[in-house]
Amino acid sequence: MTMEPQTSITPPRVMGLYDGPLWQLLKETDRLHLQCCSACSTWRYPPGPVCQECLSPECEWKPVSGGGELLSWIIFHKQYLPAYPAPYTVIAVRLDEGPTIISNLIGDPREENPIGRRVKLTVVAMEDGVALPRFELAD
Amino acid sequence: MSKRNRVAAVVGVGHSDWVGDWNRVRAGQRPDDCYGYAASAFRNALADANMTRSQIDGLIVGPTTAYERMAEVLHMNVRWGDQADAVLSVAQACMAIETGMADVVALVYGNDQRSVGTQYGGPQAMGGDMFLSYVYHAPWGMTSQGALYALMFQRFAALYGISERDLGHVAVAQREGSYLNPNAIQRKRITIDDYMAAPYITEPLRLFDYCLINDGGVALIIAEVEMAKKLSPKPVYIEALGRFDLNTGATSLEPRLTDFYRPAQQAVAEQIFGQSGLDPSDIDVLQVYDSFSVHIPLALEGYGYCKVGESGKFMREEGIGIAGKLPTNTSGGHLSESYMQGWNHQIECVRQARGECGDRQIENCRRVHYTSDVAGKAVSIIYGV
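If you read the sequences in order, they're chains A and B.
For the first sequence, counting from 1, position 114 maps to 114 in the working numbering; every step adds exactly one.
For the second sequence, counting from 1, position 248 maps to 387 in the working numbering; every step adds exactly one.
No lab work stands behind these hints: they were computed from the structure.
Treat the hints with caution; some may be incorrect.
Claimed, not checked - Taking beta-carbon pairs under 8 Å as the criterion, some of the chain B residues facing chain A (in silico):
{"id": "1", "residue": "215"}
{"id": "2", "residue": "234"}
{"id": "3", "residue": "391"}
Claimed, not checked - Think about it this way: if two alpha-carbon atoms lie no more than 20 Å apart in a straight line, the pair counts; the simulated SDA-like pairs of lysine to any residue are:
{"id": "4", "chain 1": "B", "residue 1": "452", "chain 2": "B", "residue 2": "263"}
{"id": "5", "chain 1": "A", "residue 1": "78", "chain 2": "B", "residue 2": "339"}
{"id": "6", "chain 1": "A", "residue 1": "78", "chain 2": "B", "residue 2": "369"}
{"id": "7", "chain 1": "A", "residue 1": "78", "chain 2": "B", "residue 2": "452"}
{"id": "8", "chain 1": "A", "residue 1": "78", "chain 2": "B", "residue 2": "263"}
{"id": "9", "chain 1": "A", "residue 1": "62", "chain 2": "A", "residue 2": "78"}
Predicted model only: the values in this text are computed from it and were never measured.
All residues carry an ideal CB built from backbone N, CA and C; glycine is no exception.
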């Protein structure tokens with residue numbers, strides 16, 4: 001699988017040996033795929049060489065359901081990155097499959113406390129074409 | 140477990156001119172590089188200990204200087220050498236002494252982070268090569284250390300009912316200490332209203348929740364306990380050391396978001412209080428690594444100074460300032476004294492235990508607990524006299 005090049009618009013993605021399929025499949029299928037252990041079915045994120053539960057290296061890239069629970073949220077009031085003028089929201093979500101993912105919330109979290117609420121994954125295209133998984137409130 | 144208490148003691152401490160260098164750097168000067176700041180602190184520590192370099196046979200340098208160059212600058216050939224952060228330098232000095240690899244160890248730290256513009260956020264964030272979480276979430280705009288603690292505090296606050304106003308007690312209490320500390324960079328007292336009126340940086344954290352960024356150095360000299368008693372009129376003993384690391388799920392911040400570092404701190408509490416035969420009520424002063432104010436309520440709960448979920452009430456009602464029930468970060472800490480990455484806390488522990496802190500001295504201070512919990516790696520030392 002070929003690796004997408006980094007651009008100067010989306011802040012750099014960590015591209016280790018195991019990261020490529022996540023980003024490639026996201027763009028090609030519009031769904032988030034994660035490694036799922038072939039031996040014990042544990043999902044893993046971020047991508048890595050072996051299953052954290054059973055240490056098996058065998059895995060399959062499978063799509064996640066996109067559902068999860070919002071664990072926490074913050075609003076950046078200071079700009080650190082060209083692609084992200086302040087204010088903007090970052091959230092932590094526990095996916096129904098188990099892993100926790102850091103992402104963005106589409107919408108204003110200050111309207112009501114969203115901690116503990118259901119969220120749904122949606123894939124957004126950045127200006128440079130990078131596909132990024134983000135979330136919106138689902139309930 | 141073998142008792143590790145009183146294997147070694149601190150016999151000398153020193154620091155560079157934090158306040159003078161802060162003013163010089165703000166005026167556009169570069170007074171020193173990291174090696175120069177470290178050398179300045181080391182000279183002061185030698186003078187404090189009334190010792191010469193020839194009496195030292197071990198050297199541990201901080202993570203911001205190269206070991207060999209630091210040793211070359213200080214002109215020291217030693218039989219034990221290493222590089223570590225503040226709290227692990229003390230631990231490694233004790234281990235070197237206990238195993239007979241060294242008798243007297245100098246711990247030396249220098250950092251020119253302000254004058255060279257070290258980045259703690261953005262694509263070049265410091266530490267990204269060691270902690271994947273510091274850089275992994277950049278595509279979503281998640282960057283800077285403060286944001287990691289903001290995300291942690293938001294959930295902690297929602298689960299346990301601690302308010303942003305409660306958190307403000309940390310910054311206010313530490314300014315009570317720095318107000319009385321001539322070595323501190325920020326000495327103006329603030330109120331809770333001042334805290335609340337300051338802008339958010341990463342909501343829910345505000346300006347006063349963030350540490351300073353300044354240049355400087357710190358040094359300590361630690362000796363084998365019997366030698367320490369001969370070298371110093373008031374050795375400050377290492378009564379206990381403990382460590383426990385939460386690593387699973389670290390990149391996705393799980394130790395922060397689901398455990399709030401608590402299991403690590405509870406494991407360390409068992410080690411240090413068990414080794415020393417002490418309990419939290421025996422601690423006179425608490426020092427907490429405070430890159431952000433959030434570390435303080437987490438440590439209060441994790442180490443059993445108050446019940447889980449009650450740190451807000453504890454800070455509000457019992458107090459963590461100079462006159463509070465548990466004086467915490469009495470020098471002003473990283474928020475207000477100097478951001479020396481845990482090193483300034485070590486020398487404040489020693490000075491409080493020696494009774495040398497002047498206007499900010501806590502009366503009858505005999506035991507000081509230092510703890511750091513950076514990225515879920517909980518480490519603690521109890522210093523005592």
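Verification of the supplied hints:
Checking residue 215 of chain B against chain A: minimum C-beta separation of about 39 Å lies over 8 Å; hint violated. The interface hint given for residue 234 of chain B is broken, as the beta carbon of that residue sits about 30 Å from the closest beta carbon of chain A, more than 8 Å. A cut of 8 Å between beta carbons decides the hint on residue 391 of chain B: the least distance to chain A is about 4 Å, and the hint holds. As the CA atoms of residue 452 of chain B and residue 263 of chain B are separated by approximately 39 Å, the hinted pair breaks the 20 Å bound.
About 8 Å separates the Cα atoms of residue 78 of chain A and residue 339 of chain B, which keeps this hinted pair within 20 Å; it holds. Distance restraint check for residue 78 of chain A and residue 369 of chain B: the Cα-Cα separation of roughly 54 Å exceeds the 20 Å cut-off, and the hinted pair is therefore not satisfied. For the proposed pair residue 78 of chain A and residue 452 of chain B, the alpha carbon gap of about 30 Å is over 20 Å, so the pair is violated. Distance restraint check for residue 78 of chain A and residue 263 of chain B: the Cα-Cα separation of roughly 17 Å lies within the 20 Å cut-off, and the hinted pair is therefore satisfied.
At roughly 36 Å between alpha-carbon atoms, residue 62 of chain A and residue 78 of chain A are farther apart than 20 Å, so this suggested pair is violated.
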